[in-house]
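*Asks:* Residues per chain are reported as follows:
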Amino acid sequence: MEVGLNNTHKFLSKIATNDGHGENSPYFDGWKAYDTNPYHPLTNPSGVIQMGLAENQLCFDLIHEWLMNHPEASICTPQGGFDFKEIALFQDYHGLPEFRAAIANFMSRVRGSRVKFDPDRIVMSGGATGAHETVAFCLANRGEAFLVPTPYYPGFDRDLKWRTGVELIPVVCESSNNFKVTLEALEDAYDKAKESNIKVKGLLITNPSNPLGTFFDKETLKTLVGFINEKNIHLVCDEIYAGTVTNGNKFVSIAEILEEVPTICDHNLIHIVYSLSKDMGFPGFRVGIIYSYNDTVVSISRKMSSFGLVSTQTQHMIASMLSQNDFVDNFIHESRTRLAHRHDMITRELAEVGIGSLESNAGLFFWMDLRRFLKEPTFEAEMTFWRIIINEIKLNVSPGSSFHCNEPGWFRVCFANMDDATVMVAIERIKSFVHETRMLEIKTKALAKTKKQCWQNNLTLKLSSRRLEEIMSPHSPLNSPMLRAQN
Amino acid sequence: MAIDIVQKPSVGLSKIALSQTHGENSPYFAGWKAYDENPYHEKHNPSGVIQMGLAENQVSFDLLEEFLENNQEATSWGKNVSGFKENALFQDYHGLLAFRKAMASFMEQVRGGKSKFNPERVVLTAGATAANELLTFILANPGDALLVPTPYYPGFDRDLRWRTGVEIVPIHCESSNNFQITPEALEFAYDHASSKNMKVRGVLITNPSNPLGATIQRKVLEQILDFVTRKNIHLISDEIYSGSVFHSDEFVSIAEILESRNYKDSERCHIVYSLSKDLGLPGFRVGTVYSYNDQVVTTARRMSSFTLISSQTQFLLASMLSNKEFTEKYIKINRERLHKRYETIVEGLKKAGIECLKGNAGLFCWMNLSPYLKEATRESELEIWKTIMEEVKLNISPGSSCRCSEAGWFRVCFANMSEETLEVALRRLHEFMDRRRNGQVLSME
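These protein sequence lines are chains G and Y, in that order. Counting in the numbering used here, the first sequence runs from 1 upward without gaps. Counting in the numbering used here, the second sequence runs from 1 upward without gaps.
Quick caveat, the hints were computed from the structure, so don't treat them as lab data. The reader is advised that the hints may include incorrect statements.
Incomplete in silico selection of chain G near chain Y, CB under 10 Å [claimed, not checked]:
#, residue
1, Ile-15
2, Phe-90
3, Glu-133
4, Leu-139
5, Leu-186
6, Tyr-190
7, Ala-193
8, Ile-300
9, Phe-307
10, Pro-377
11, Phe-379
A quick note: this is a predicted structure, and the numbers were derived from the prediction, not measured. Quick reminder that beta carbons are idealized off the backbone N, C-alpha and C, glycines included.
Next comes chain Y alone, as it looks inside the complex:
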């Protein structure tokens, strides 16, 4: 993705327009630039930069394409003009009923039927990016705070803060307990926000976590739910990677916890979902807010006017996701392939002398290069990152861009390339680590 560079100062624009909160000057995006200028290609540019900073899921497209081939009738508007016309005119912010039903059903299947989803609570938005911003507008006023566990998806800095004026206060998580969220960390963050005179409006968790690539344990979810209930604040659970958990029984959705509590205190809970990761369709802009709070559902629906999903896309996906035979097969095979990729990369990194956090989900692994840092600082981390980009020609994401409180961790994506390319990346890294051990590489200082 190319980045625009703003050169001229401008008269008469808003503070929001002139602020840096869009976040594009973070190193998270600088690596993308290096990739854009010199992208790897198996044949045409075998020494180019391999993009490992983009959490895309490319492992299961053949299944989608096969579905389209076998379901021509269902995915087209038909021979009659009325099919097309009706679809082109449909701008109701409730969304296509067939599509909402299909989304609810798909979300249930992803959770192995352990939770039920009501289509009437499904609010559609153009991507999870819009869903997270929209929820923030609804739950918090400018100057209020949302607590977010670190490390977190760099995009949150923009999505939750930019136009809303809401602040993010980090819940610090540490490698000593595998970055799990603790009640102490929650309390500490809450108190910290209060001491700065910020009203805390909610906690936002990503489960499974980006960038950790791990699910949140049931016990921890219960603790978080108890915490938000005690403080009378909201809980947003971004479950965008729920379909990428390698073994379905290892994922506990907040929906499951709420059901087990008979939906007591559920009106403070909201789930964000999208098809960008599980189905690999980021271009189609399919996001959803699923809220257990009626007023939030109504308001979110009204706000979705700013960010509706193209009815053409709703129509296509309604057809695809209501085919339970297909979705069942897709979910199962997708998990297996991601798991295999994960094992490949973790094994490969291990051979290169690099450890990763034990993960069980997602399109990436959380790699630990802290033993190789000159100092446990962000600067040292960025130096290694630069070296890896320039010498090894891999674009990976530094933990500091995810606000990780410990230096030396990196997110490495593995699902946005072919198996062959992954092998090339691993080989390069292996060779680099060898050279370094043999003192042949410019020091990492």
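With the rest of the complex left out, here is chain G:
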């Protein structure tokens, strides 16, 4: 049915034929491994456990219970059906007023009611994915750039750049100070852009951070605001994980900074991106939000939202759910508690076997430190070791290089997209691996001593149930080596 065309490459646009979709990144390789061999406790207990997907599955029981008790939230039930026609016809890009009010209410409560959000500034988009692209279209021309602290969410490469033609310039953050964003790094990135004749239009931060799981302290936020104000560039704050901060009172939203110190900057430079995909666990419903303090941006992004409106069926349900304060407050509290518990459990267990992670208290993941397992501190070594994690330990975690981290050896591990039992299986697998690596190290040293053979300093080992001698033999047909770091 398909006939090959001459010049197929030119038959489609440049955007269609470039790599801007980002799917050739290793971030997605692990997903492929998972897709072809997914873990299941009964039918596939040795399959790959998906720890590369930042989903929040911990509180569906609460939502389900609410839905069962509120049939009127659905336009398909007898209780809600009288609204069906009106809702189905409503395509006004302002969105249902009750939806905007409910979102503003929810956003406020997630921030402990320390700030209020104006429903008239709530603009819809096709998930946060759509929101980021729309904001980029509004703030920057082709060839202009946003500064983004590394490590950052790989999706930004597609969302901000693909169809917009906008560039991303990394603001390099380092483990030496826990990946905090420094003024030096900002200035450095800004100057580099200038030298390359690239006009910087804004700074994009994710707060709480993906993949770090940390959030910005007030001082750093103020520093950032000072920086963008001085350069007269925009500040886009992706606060998609705001509700996952385990100690809610500590989180400071950019909205709070503006409220506390209104004169700190020109408010026209400040824009928030939000979504219900992480805090509520509703990625399928595509509820993305742009909240801008700039009237023109509100107006224009609202016009652009025609390209990605939220289904009114979903708006209606969300409006019902998120306007009920008892439910909202309880949900936020429970979600935080369960996330904290999950986070603490997994990081504690791993710490026991000497696997460290960046100290964090937000997000649906933690930033795992596997530097000492790398043969050498290179990204090649990181990728090699990552393949072992997928193929041998059978966990899909995300390598730091896919987040543009400047140091090899860091991995993002998601923990909220599975049940308790699966977490335990994952932990056991990691522990086994560490244990066996240590055992092999010990035995190797012993063997080297007794056999007096000339081993290379770098020992290559495979984690399997083979006899030790077979593993140690240079003739062993191994093609998936286990690496031990030298430091």
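Position chain Y relative to chain G; hints supplied.
*Replies:* Just chain Y now, with coordinates in the frame of chain G:
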């Protein structure tokens, strides 16, 4: 729909943000404003503005509501938490398989089974608005051109051009042959674009046509397909009104032509569809790109990440559209009701001394007021339009907002109101035309 007014100039925004290409300053939308400020209501505001500028289909909601009542189980997530959870988490850009299958099947039924649709080629987007923009991003580079027959849906100016940077070059159609697309007009538009150094990437047709309310004839479709093949460019067929054709045998989809040619040269063809018109569900944002080109399907699917359909809505509609008994009944009754509305309005307009283009589809008729224009100019057309809005209190869409090359034509929607309201509108127009004939009205100058 209320329109925001931008008052302050802004520092540091993009050219796209500051351009006017969103198109909201067109008269197409000014009439909506008048309606918003003074909307007709049978009881509360019987002298308000009747909205006839909105192509919505409200004639068949009872059928949808009846389906929901009788299929509670199928349209809910069930008693188990896992049903809801699975749906809420589902963000795969392939879309729910059950929904894709249902869409493909529905598209086949709308075409009376004359074409087959493969669910693997169905790419989902949040509305046809997104589908048209997405296809443009894939098929054309900034500065390139798409040829579009006039008159066309005013939204195309935004959807095809705003963020993409692509240009629209009109294919001029004239009333002398009922606004049909001719090979000469196609060539002329292509040459015109080339003379302006614009690379033409494709032709976009709407079939059935908005605003004409008429299907494109088979012969013309064949000519268009031959033209795009000769020029080695794309063909986008927006078939959003395919389910609103009054008699199913009068609609020929590009899919049918391609099948008859054994899919030769089909990789340049792409269909856009949506449930906003045929099912009357514009709020649910259900659009689709159906492409015969594998690379376009793959790329469109990736791009759909920016504009996915809510999984909640996919779930509901999968259930509804896979019920073939229901869809068969719906399609048939919907057509009949639209046809009846069309006849009512055309008859009513005729009695008022107004002719319409002979139509056979859509939610509107293409009304000819050119005999009543002071001069055959856009200004005269807008004067009449203003008079009709202010005196007759009807919001209709002037042909100039659809880039019609002839002045005096208006699109009048008839499916977004009750039968009673339609009668009120017709009566007002009749009375207005009477007054005018008797010299009682302020001249149309």
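*Asks:* The structure should be examined with respect to each hint, and the outcome stated for every one.
*Replies:* Do the hints match the structure? See the list:
1. Look at G:Ile-15: its Cβ gets to within about 6 Å of chain Y, closer than 10 Å, so that hint holds up.
2. Because the beta carbon of G:Phe-90 sits about 4 Å from the nearest beta carbon in chain Y, less than 10 Å, this interface hint is met.
3. Using the Cβ-Cβ criterion of 10 Å, the hint placing G:Glu-133 at the interface with chain Y is satisfied: the shortest such distance is roughly 5 Å.
4. Checking G:Leu-139 against chain Y by beta carbon gives a least distance of about 6 Å; that is within 10 Å, so the hint holds.
5. For the restraint placing G:Leu-186 at the interface with chain Y, the shortest Cβ-Cβ distance is roughly 18 Å, beyond the 10 Å limit, so the hint is violated.
6. Hint status for G:Tyr-190 relative to chain Y: violated, with the closest Cβ pair at about 15 Å, above 10 Å.
7. Using the Cβ-Cβ criterion of 10 Å, the hint placing G:Ala-193 at the interface with chain Y is not satisfied: the shortest such distance is roughly 15 Å.
8. Interface restraint check: G:Ile-300 against chain Y, minimum CB-CB distance 5 Å, threshold 10 Å, status holds.
9. Interface hint status for G:Phe-307: upheld, as the beta-carbon distance to the closest one in chain Y is roughly 5 Å, under 10 Å.
10. A hinted interface residue such as G:Pro-377 counts as satisfied when its beta carbon comes closer than 10 Å to some beta carbon of chain Y; here the least separation is about 34 Å, so the hint is violated.
11. Of the supplied interface hints, the one on G:Phe-379 is violated, with its beta-carbon coming no nearer than about 26 Å to a beta-carbon of chain Y, more than 10 Å.
Violated hints for the displayed structure, listed by number in ascending order: 5, 6, 7, 10, 11.
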